[in-house]
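Hey, can you work out the whole structure from these sequences and the hints?
4 protein chains.
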Amino acid sequence: MIRFITTGGTIDKIYFDALSRFEVGESALNEILNEALVQFDYEIVPLLRKDSLEMTDEDRRNLRDRIIADDAKGFVITHGTDTMPETAEALMGIDDKIIVLTGALTPARFRTTDAVFNVGMAVATVQSAKPGVYIAMSGHVFEAGKVRKNRDANRFEPL
Amino acid sequence: MIRFITTGGTIDKIYFDALSRFEVGESALNEILNEALVQFDYEIVPLLRKDSLEMTDEDRRNLRDRIIADDAKGFVITHGTDTMPETAEALMGIDDKIIVLTGALTPARFRTTDAVFNVGMAVATVQSAKPGVYIAMSGHVFEAGKVRKNRDANRFEPL
Amino acid sequence: MIRFITTGGTIDKIYFDALSRFEVGESALNEILNEALVQFDYEIVPLLRKDSLEMTDEDRRNLRDRIIADDAKGFVITHGTDTMPETAEALMGIDDKIIVLTGALTPARFRTTDAVFNVGMAVATVQSAKPGVYIAMSGHVFEAGKVRKNRDANRFEPL
Amino acid sequence: MIRFITTGGTIDKIYFDALSRFEVGESALNEILNEALVQFDYEIVPLLRKDSLEMTDEDRRNLRDRIIADDAKGFVITHGTDTMPETAEALMGIDDKIIVLTGALTPARFRTTDAVFNVGMAVATVQSAKPGVYIAMSGHVFEAGKVRKNRDANRFEPL
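Protein chains in written order, with my numbering: chain A, 1 to 159; chain B, 1 to 159; chain C, 1 to 159; chain D, 1 to 159.
Since the hints were derived computationally from the structure, they do not count as laboratory data. Just so you know, not all the hints are guaranteed correct.
[Claimed, not checked] Okay, the calculated bits of chain A under chain B, using three or more residues with CB under 8 Å as the criterion: (1) 30-36; (2) 107-121; (3) 124-133; (4) 136-149.
[What the hints assert, rightly or not] List time: in silico SDA-like cross-link candidates among lysine to any residue, alpha-carbon distance up to 25 Å: (5) A:K130 <-> B:M1; (6) D:K97 <-> D:T56; (7) C:K130 <-> D:G145; (8) A:K130 <-> B:M92; (9) B:K73 <-> B:N34; (10) A:K97 <-> A:V45; (11) C:K73 <-> D:K146; (12) B:K146 <-> A:A72; (13) D:K146 <-> C:Q39.
[Stated by the list, open to error] Simulated restraints, written as ranges between beta carbons of each label pair: (14) B:I44 <-> D:E143: 47 to 55 Å; (15) A:A69 <-> D:L159: 57 to 65 Å; (16) C:T112 <-> D:G145: 33 to 41 Å; (17) D:L159 <-> C:P158: 35 to 43 Å.
This structure is a prediction, so every number in the text was calculated from the model and none was measured. Note that beta-carbon positions come from the ideal geometry of N, C-alpha and C, so glycine has one too.
If you want it as structure tokens, here you go:
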């Protein structure tokens, strides 16, 4: 049983024409999983709708507590890319759970996007990897604490 | 280093208007990996362009030999869905390699498709799983020999 | 008031995995008009689901009779591309109506398709042109009787 | 011969991850026309990259002068939606030219967008309508001076 938790980020940015602005909207995760023809039951917990530059240590503590209190063994967390490595590190050290963070460098609702591939990576990682915390981005499965976002090159890299 | 091998299947079906017909065309895998913003080097080996109902035991032997002779440790193989379980079983028992088969129930070139998610699953599995043979379909990572395609319901299920 | 009539063709071809085959399915026209944010009321009449190589003279007579009997002044007809010029000619000579045929060289449900642009062309032509019969394909608005499909080059051209 | 002139607007908004922001980028018009399999030669003149709330009367004068000085008879102008009616009115009264303004309420690079349909409408209008100035939006071909944008309802309506 995989628990999905959404926290916001570029993956869920939508254009609001009335505001002439893009903001984090309702998560695209449900559409992604439907289109992927997944055959497992799932539940999506919409925890936050934040750009990850606005994530606070309190947000990270709440997320960690939420995961600890949850019976599920596998977690996929969608998150903004800018502070994904920080959040991943804040989730380390929880026994017996496989926690995978992912997101996208281009919104899921764009025609050309990495969002769908990344969620696919996360869903497979949570089924294949040993307990621990991971980031699935840029085609790579990284262990938490061993990855950074290279903002200039717009990609995730090993530390 | 991940070696990608394409063998055909629905994932790569294209509409040829001059023929008024759909056939397996050039693989969509390169576009999928580019759009996913993957940061690893990769090589795609276009081995076959077959609907999997036309795969023969000789084809499967050639594929197995190809993998054994290859130095790479990780393989992602795109394949038609109808006989993917058979081909997966034919690849079991090769030491020290992680082999993941995937494909799609709807062509990659369709607007709504499971292809991108499935390739994402396969790319993550080849990095996270123990040596062995796997199928990544229907949102699930299956071990070879423990999966079947349910044609009526159009999904992959545990045996 | 625009009456939409669907007759089939490549524009509406869908992949039926259970059959390993593509066939004309339910029309994509409703999704196209919704996504285009059109603000007029419309009705879609699903007349046929034929590949246009299978359209008969009787089909064309029925279509003509249907249009004559209809109060509406403007008609958009989606149709297979192969015999679109023949059907257009069979509809000439009906007073006071603007009739525009269109379709697509690639199915509407594909990621890259001319279908949406073509329907947009047809919807504008039926509002802008003088009474008569037209084909909107290949970026061009043709008068019936003055156009052919060049099958080798996969495009519509003036006769 | 259709001259295309791009001035910016939502149709061309792109997400710049490095800036965590969406801005008007290079026009999507070329991709739209290619995908539509248009068979005419065309030239795209990238005049401006403005959100239309930032269009000035001087910008409108320059656009008008540009059109008057141009030999072409048909013009398709992509433009932001907010002040498209104002720009349309500023272009009235130029003899012997068919000028069609269009744009989109959702960026062309989104998966679900009105952009492609709207450009299709404009390309057909410039071939079918009498000399004058038009707006092709919301599934409707409007004459300049007889249309407004209803911002609350996010649609174009007759005045």
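How the hints compare with the structure:
1. Given as covered by chain B, the region 30-36 of chain A passes the check, having 4 residues with a CB less than 8 Å from a CB of that chain where 3 are the minimum.
2. Chain B is given as covering the region 107-121 of chain A, and this holds because 9 residues of the stretch bring a CB closer than 8 Å to a CB of that chain, at least three being needed.
3. Note: the region 124-133 of chain A has 5 residues with beta-carbon separation from chain B under 8 Å; the three-residue rule is met and the coverage holds.
4. Coverage of the region 136-149 of chain A by chain B holds [criterion: at least 3 residues with CB-CB distance below 8 Å; count 5].
5. Using a Cα cut-off of 25 Å, the hinted pair A:K130 and B:M1 holds, with the two alpha carbons roughly 21 Å apart.
6. For the hint pairing D:K97 with D:T56, the CA-to-CA distance comes to about 23 Å; that is within 25 Å, so the pair holds.
7. A threshold of 25 Å between alpha carbons decides the hint, and for C:K130 with D:G145 the separation of about 22 Å falls inside it, so the pair holds.
8. A C-alpha spacing of about 22 Å is found between A:K130 and B:M92, which places the hinted pair at or below 25 Å, so the restraint holds.
9. In summary, the hint linking B:K73 to B:N34 is supported, as the alpha carbons are separated by about 22 Å, within the 25 Å threshold.
10. Between A:K97 and A:V45 the CA atoms are separated by roughly 17 Å; this keeps the pair inside 25 Å, and the hint holds.
11. The straight-line distance between the Cα atoms of C:K73 and D:K146 is roughly 22 Å, inside the 25 Å bound, and the hint therefore holds.
12. A distance of roughly 24 Å separates the Cα atoms of B:K146 and A:A72; the hinted pair therefore holds under the 25 Å criterion.
13. Under the criterion of a C-alpha separation no larger than 25 Å, the hint pairing D:K146 with C:Q39 is consistent with the structure, at around 16 Å.
14. Distance hint check: the CB atoms of B:I44 and D:E143 are about 53 Å apart, consistent with the given range 47 to 55 Å.
15. Between A:A69 and D:L159 the beta carbons are some 58 Å apart, a value that agrees with the proposed interval 57 to 65 Å.
16. Restraint check, C:T112 to D:G145: a C-beta distance of roughly 37 Å satisfies the suggested window 33 to 41 Å.
17. Taking the beta carbon of each, D:L159 and C:P158 are about 38 Å apart, inside 35 to 43 Å as hinted.
The structure meets every hint from the earlier list without exception.
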